[in-house]
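A.B. asks: In the order they appear, the protein sequences are chains A, C, S and W. Mapping of the first sequence onto the working numbering: residues 1 to 96, in sequence order. Mapping of the second sequence onto the working numbering: residues 1 to 231, in sequence order. Mapping of the third sequence onto the working numbering: residues 1 to 415, in sequence order. Mapping of the fourth sequence onto the working numbering: residues 1 to 316, in sequence order.
Hints are computed from structural coordinates only; laboratory data are not their basis. Fair warning: there could be bad hints in the mix.
[Stated by the list, open to error] With a cut-off of at most 16 Å between alpha-carbon atoms, the simulated EDC-like pairs for lysine to aspartate or glutamate come out as follows:
id : chain 1 : residue 1 : chain 2 : residue 2
1  : W       : Lys8      : W       : Asp205
2  : A       : Lys60     : W       : Asp15
3  : A       : Lys38     : A       : Asp61
4  : C       : Lys120    : A       : Glu91
5  : W       : Lys294    : W       : Glu241
6  : S       : Lys4      : S       : Glu180
7  : W       : Lys91     : S       : Asp201
8  : A       : Lys45     : W       : Asp15
9  : C       : Lys123    : A       : Glu91
10 : C       : Lys120    : A       : Asp95
11 : S       : Lys244    : S       : Asp183
12 : W       : Lys95     : S       : Asp21
13 : S       : Lys195    : S       : Asp21
14 : W       : Lys91     : S       : Asp261
15 : W       : Lys100    : S       : Asp201
16 : C       : Lys120    : A       : Asp93
17 : W       : Lys193    : W       : Glu258
18 : W       : Lys272    : W       : Glu241
19 : S       : Lys314    : S       : Asp261
20 : S       : Lys42     : S       : Asp21
21 : A       : Lys6      : S       : Asp395
22 : S       : Lys348    : S       : Glu337
23 : S       : Lys314    : S       : Glu373
24 : W       : Lys44     : S       : Asp201
25 : A       : Lys6      : S       : Glu215
26 : A       : Lys6      : S       : Asp223
27 : C       : Lys123    : A       : Asp95
28 : C       : Lys120    : A       : Asp61
29 : S       : Lys314    : S       : Glu380
30 : W       : Lys44     : W       : Asp15
[Unchecked claim] A short list of chain A residues far from chain W (calculated; beta carbon distances all over 12 Å):
id : residue
31 : Ser2
32 : Lys3
33 : Lys38
34 : Gly39
35 : Gln40
36 : Asp95
Quick caveat: nothing in here was measured; it's all calculated off a predicted structure. Built from N, CA and C at the ideal position, the CB exists for glycine as well.
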Amino acid sequence: MSKTYKQVPFAAIVPSPTVSNEHMVTGNWRYLRPVVDKGQCTQCKTCWIFCPDACVDFSKDEGVDFNLKYCKGCGVCSSVCPVGAISRVPELDFDE
Amino acid sequence: MTLAVAIDPNMLEVTVWTRGVTLAKEARDTATLLAKAGKAEGKHVQSFDNYVDLPDRIGVPCKSYARISPDPIETFYEYENYRPDIVVLAEETLVKGHNILGGAKPGCVVVINTARDPEKLLKWISPKENMKHLKAVACIDANALGAGVMLTFDGTEGSGDDTKIGAGVGAAIAGAVAKATGCVKLESLVSVAENKAAVKQGYEKVTVLPVCKGEAFACGLPEDPQEIKWK
Amino acid sequence: MPIKKRGTGLTAVADAWQLADIDVTASYPIRPYTAVMAEVAKRIANGLMKCEMVHGEGEHAQFSIAHGASMAGARATTGSSGVGVAYAFETYSPIAGGRCPIQALIADRTLDPPGDFGSEHTECLNLRDNGWIYGWAENAQESLDNSLMFFRIGEDPDIMLPQIVAMDGYFVSHIAQDYEMPDQEQVDKFLPPFKPQFRLDVNNPVIMGPQIEPEMGPPLEWDRNVVMDRVKEKIVAVTEEFGKIFGRKYAPFVEEYMTDDADMVFLLQGAHAVTCRSAIRYLRQAGYKVGMCRLRWFRPFPDTALKAILPKFKVVGVVDTNTSYGAAGGSGVLLVETRASVSEVPGKPLIQGFTSGLGGETITHEEFFKMAEMMKMTLEAGRIIQDAVWVNFNDYLPAVSEVQAAEQQVAQTKE
Amino acid sequence: MATAEMIKTIAQAPDKEYYLPGHRTCAGCGPALAYRLIAKASGKNTIFVGPTGCMYVANTSYACGPWAVPWTHAQITNAGAVGSGIAEAFKMMIKKGKIKDEYPNIICMAGDGGSIDIGLQAASAMMYRGHDVLFVMYDNESYANTGIQTSPMTPYGAATMFTPPGPEIPEAKKFFPKDPMAIFCGGGHPAVKYGATASIAYPVDLMNKVRKGLAQEGPAFLHVQCPCPKGWTFPANRTVEIGRLAVETGMWFMYELEDGVKKWSILPKQLKPVEEYLQTQGRFAHLKPEHVAKLQAWVNARVQTLGLEVPLPPAR
Numbered sequence: 001m002s003k004t005y006k007q008v009p010f011a012a013i014v015p016s017p018t019v020s021n022e023h024m025v026t027g028n029w030r031y032l033r034p035v036v037d038k039g040q041c042t043q044c045k046t047c048w049i050f051c052p053d054a055c056v057d058f059s060k061d062e063g064v065d066f067n068l069k070y071c072k073g074c075g076v077c078s079s080v081c082p083v084g085a086i087s088r089v090p091e092l093d094f095d096e
Numbered sequence: 001m002t003l004a005v006a007i008d009p010n011m012l013e014v015t016v017w018t019r020g021v022t023l024a025k026e027a028r029d030t031a032t033l034l035a036k037a038g039k040a041e042g043k044h045v046q047s048f049d050n051y052v053d054l055p056d057r058i059g060v061p062c063k064s065y066a067r068i069s070p071d072p073i074e075t076f077y078e079y080e081n082y083r084p085d086i087v088v089l090a091e092e093t094l095v096k097g098h099n100i101l102g103g104a105k106p107g108c109v110v111v112i113n114t115a116r117d118p119e120k121l122l123k124w125i126s127p128k129e130n131m132k133h134l135k136a137v138a139c140i141d142a143n144a145l146g147a148g149v150m151l152t153f154d155g156t157e158g159s160g161d162d163t164k165i166g167a168g169v170g171a172a173i174a175g176a177v178a179k180a181t182g183c184v185k186l187e188s189l190v191s192v193a194e195n196k197a198a199v200k201q202g203y204e205k206v207t208v209l210p211v212c213k214g215e216a217f218a219c220g221l222p223e224d225p226q227e228i229k230w231k
Numbered sequence: 001m002p003i004k005k006r007g008t009g010l011t012a013v014a015d016a017w018q019l020a021d022i023d024v025t026a027s028y029p030i031r032p033y034t035a036v037m038a039e040v041a042k043r044i045a046n047g048l049m050k051c052e053m054v055h056g057e058g059e060h061a062q063f064s065i066a067h068g069a070s071m072a073g074a075r076a077t078t079g080s081s082g083v084g085v086a087y088a089f090e091t092y093s094p095i096a097g098g099r100c101p102i103q104a105l106i107a108d109r110t111l112d113p114p115g116d117f118g119s120e121h122t123e124c125l126n127l128r129d130n131g132w133i134y135g136w137a138e139n140a141q142e143s144l145d146n147s148l149m150f151f152r153i154g155e156d157p158d159i160m161l162p163q164i165v166a167m168d169g170y171f172v173s174h175i176a177q178d179y180e181m182p183d184q185e186q187v188d189k190f191l192p193p194f195k196p197q198f199r200l201d202v203n204n205p206v207i208m209g210p211q212i213e214p215e216m217g218p219p220l221e222w223d224r225n226v227v228m229d230r231v232k233e234k235i236v237a238v239t240e241e242f243g244k245i246f247g248r249k250y251a252p253f254v255e256e257y258m259t260d261d262a263d264m265v266f267l268l269q270g271a272h273a274v275t276c277r278s279a280i281r282y283l284r285q286a287g288y289k290v291g292m293c294r295l296r297w298f299r300p301f302p303d304t305a306l307k308a309i310l311p312k313f314k315v316v317g318v319v320d321t322n323t324s325y326g327a328a329g330g331s332g333v334l335l336v337e338t339r340a341s342v343s344e345v346p347g348k349p350l351i352q353g354f355t356s357g358l359g360g361e362t363i364t365h366e367e368f369f370k371m372a373e374m375m376k377m378t379l380e381a382g383r384i385i386q387d388a389v390w391v392n393f394n395d396y397l398p399a400v401s402e403v404q405a406a407e408q409q410v411a412q413t414k415e
Numbered sequence: 001m002a003t004a005e006m007i008k009t010i011a012q013a014p015d016k017e018y019y020l021p022g023h024r025t026c027a028g029c030g031p032a033l034a035y036r037l038i039a040k041a042s043g044k045n046t047i048f049v050g051p052t053g054c055m056y057v058a059n060t061s062y063a064c065g066p067w068a069v070p071w072t073h074a075q076i077t078n079a080g081a082v083g084s085g086i087a088e089a090f091k092m093m094i095k096k097g098k099i100k101d102e103y104p105n106i107i108c109m110a111g112d113g114g115s116i117d118i119g120l121q122a123a124s125a126m127m128y129r130g131h132d133v134l135f136v137m138y139d140n141e142s143y144a145n146t147g148i149q150t151s152p153m154t155p156y157g158a159a160t161m162f163t164p165p166g167p168e169i170p171e172a173k174k175f176f177p178k179d180p181m182a183i184f185c186g187g188g189h190p191a192v193k194y195g196a197t198a199s200i201a202y203p204v205d206l207m208n209k210v211r212k213g214l215a216q217e218g219p220a221f222l223h224v225q226c227p228c229p230k231g232w233t234f235p236a237n238r239t240v241e242i243g244r245l246a247v248e249t250g251m252w253f254m255y256e257l258e259d260g261v262k263k264w265s266i267l268p269k270q271l272k273p274v275e276e277y278l279q280t281q282g283r284f285a286h287l288k289p290e291h292v293a294k295l296q297a298w299v300n301a302r303v304q305t306l307g308l309e310v311p312l313p314p315a316r
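Next comes chain A alone, as it looks inside the complex:
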């Protein structure tokens, strides 16, 4: 097996990311996708504060939005939701 090496930055020092860490995309870890029922959602932001991966976004007008590029599907958001508005749906039920 021939080997390929990667250029290593000086002293392995790398720039800090600003929005997300593009080198460790974790969306493909997820097998259950969080899906919110916007009718039920009270926008209390509990799911947002408890997401270990900072994947819950309330900045958009249409309410809660999950960052599916990184969401690992842990389900913490669903468990902490005080009104039970977040369900977990098998990832393969979605085409994209």
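Given the coordinates of chain A, work out where chains C, S and W should sit on it, guided by the hints.
C.D. replies: Leaving out everything else, chains C, S and W in the frame of chain A:
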């Protein structure tokens, strides 16, 4: 200098993809059972976790490997399967967003633990340029067989595994692999597994979808494993 | 104006640190290096130095504190001796691999057992494989000068490596001698402020020391390997520039003493060179064509220089003031490195290993004479007569064998 | 002491993230959540020191990291020492005018091993010397990065790779854990004027404690319980729930020590039996009633020692 020699030309490489921690033991068991069954048939075998994936984290895609060869394994200390003949997905979602056919040998068979129709899963298999090597996709709904999933740290990080080998869904998946690929015989698998019923059920209930039949396959898998009900 | 002073290697290095305007130093007491920190502490208290002195809770902490300070962009120093050097062992590779050019002063001391305070190079040589650059000074002046040169080389943007100013404990660290403390203007001309390309800066955030990809491991080590070649080039240039500015000219790698017509040479490093030179002058009067090669650097090892120099001689006596039990050749680290340096050179000399000066013992004139005698026997025999000579323990002098034979005879008659 | 700006509700927490998506921590990782909340509370002017542990290895695989602020690795042994060096370097360089920086928030983010076991010496010395650093002990109660082995914080009765239960040792881990608050903030380190325990299950409280600790001139200590779904063996979605249950059963206490004065952050009305906590986690699955009773007795004694006035669960 490169010598034009084939190293381990007859070795079958099995890569079992799984999810870190939660399904790690079952995937390791699938690989271990296949290797043990090969050993029972007098072959030379190896099985191990992919070191680069360790320590595994909950949900992280990771791999366990098995190798079965009629000859002594010469790449004994190469610790990744670069050219799999058999790709097993212990969890169905792994079909999406992972290059499971990376390095696949012509004639590669993919076995997926899923209740879904194999035809519905084809669109996700990647990389697309390796689809020509894909001989068949086999599906087994191992989770429905009631064998369960074992969670243990025994057997990780190079320790011995004193728990039961092949008691859960990993055994059913191994049975499905045996049927879909013919890499080991059912009897040998049954002889080494804790949950013999699960092995047999996996063997019986697997459905196989041929994909690229008729190509000149270079790998050691039999062209048409016996008793397969081609769907 | 440079100031004439009388002091030790420790006060001399404190002078260098003062002139280099270090920002942070980390202390922990262990003999014999301790007083450099006492010197710095006094100067901070008196307002002579503006430096934060952190009293570490051990050597491991000392090196870690200096590491942290360096990552923040400070010029940082520390130091140790003996078992203290060993206690910090975990930190050496991360500091060098993280390319943090801190400076450590190591005043050598024997490792335990049994709690000997005397000099021996073993502890400092133990960390030779960690990517630090270092060499031994033979006196206070050279300690001071090395400190300044090492900062300059280590902090060079092409290099960025930590350095050890090594000196023999007690001999250099404690025996007062005359030296010259350079002028601040000279130093400012020679040593620019430390300006690392990367530091911990909230306005330009970076991640330092992440886990690397498996495919990056060997390339990272390759980087750490090839930088040593650049260090060698830098040593030549910096040593020359130092001479021009300060008027003290050093050989970049190997100092030769009376080697012009020598058949045989002592090869050593550090303080014992002083006695060695004196012994050579007596040996010369007695007709021995002997000289000395003193290494100024141990890492990078001056193999290229030795390849050029050593074939001039017929016998090289490597004096190891360290132990490496079970090493090839049965002597110390210097023998192994020297032999490896010239192993493929046509016309290479016979290389004899001597172990001496352990446990802080001075290598006396008599011992140098003895070694010269053994080298002469080797020269005449045209082959290595006996490897692994520990001076005073298994010498191969004819006189010694006669005495041993006589003793055996006496013992037999008593029976 | 500067006054810390307090956060009152979840909705008031700063939007800006400094611990970004994209790290190889477990799904549902408690320590990752702690990191995110701490980074959020401390803001842009922050430097993290990350000794070896899960929060080094999982976050920086490979040649990358999720922090929008400067971060550096330290050995598992020396977070306190590296943090000390950074702190003093900034102080001196600012004093000499070598840099124009404002003195940053320096946070050592060490696991239980890196704080109270192999890292204890460096942490203790940092706090003794009074460096202006916040030392956070993210406590997942084991050496998790190496595959879950016992640490001094592993509870009595928990199974790990190094403490498996067996006929000879039916309770698995035999010792009760250390008390880091007592060690660091119990008077033995006089320079530490602020110390607190916190939990990822109470995020607003955690963020405010971070800000208080940072506002404190000199060293501060924060002991954060971070449930670990892998090591404790529970489903990844239950991380927060387990954190709450720990407080409700007395397996975790939430309080601050400010200038030696204790202030309770969360006061349960009545402690639930410890069994309710134990049965949620696979690591306690082997425990027999006598072991559960022993743990309950330990909790009851802790309540006494800490002076918590709360009804204990009824004896069985």
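A.B. asks: W:Lys91 and S:Asp261: Cα distance at most 16 Å?
C.D. replies: With Cα atoms ~58 Å apart, W:Lys91 and S:Asp261 exceed 16 Å; violated.
A.B. asks: With a cut-off of 16 Å on the C-alpha distance, tell me whether S:Lys314 and S:Glu380 pass.
C.D. replies: Cα-Cα ~10 Å, so holds.
A.B. asks: Please verify whether W:Lys193 and W:Glu258 have alpha carbons no more than 16 Å apart.
C.D. replies: holds (6 Å)
A.B. asks: Holds or violated: are the alpha carbons of A:Lys6 and S:Asp223 at most 16 Å from each other?
C.D. replies: Holds - the C-alpha atoms of S:Asp223 and A:Lys6 are around 12 Å apart, at most 16 Å.
A.B. asks: Under the criterion that the straight-line Cα-Cα distance not exceed 16 Å, is the pair S:Lys195, S:Asp21 satisfied?
C.D. replies: Distance of about 13 Å is within 16 Å: holds.
A.B. asks: Run the distance test for S:Lys314 versus S:Glu373: straight-line Cα separation, threshold 16 Å.
C.D. replies: holds (14 Å)
A.B. asks: Given the hint that S:Lys244 pairs with S:Asp183, test it: the Cα-Cα distance must not exceed 16 Å.
C.D. replies: holds (14 Å)
A.B. asks: Is the Cα-Cα distance between W:Lys272 and W:Glu241 16 Å or less?
C.D. replies: holds (14 Å)
A.B. asks: Going straight from one Cα to the other, do W:Lys95 and S:Asp21 come out at no more than 16 Å?
C.D. replies: holds (13 Å)
A.B. asks: Run the distance test for W:Lys8 versus W:Asp205: straight-line Cα separation, threshold 16 Å.
C.D. replies: holds (9 Å)
A.B. asks: Verify the proposed pairing of S:Lys4 with S:Glu180, using a straight-line Cα cut of 16 Å.
C.D. replies: Given pair S:Lys4, S:Glu180 holds - Cα atoms ~5 Å apart, limit 16 Å.
A.B. asks: Within 16 Å, alpha carbon to alpha carbon, are S:Lys314 and S:Asp261?
C.D. replies: Measuring from Cα to Cα gives roughly 11 Å; hence the hint holds.
Of the numbered hints given earlier, the model fails hints 5, 14, 21 and 28; all others are met.
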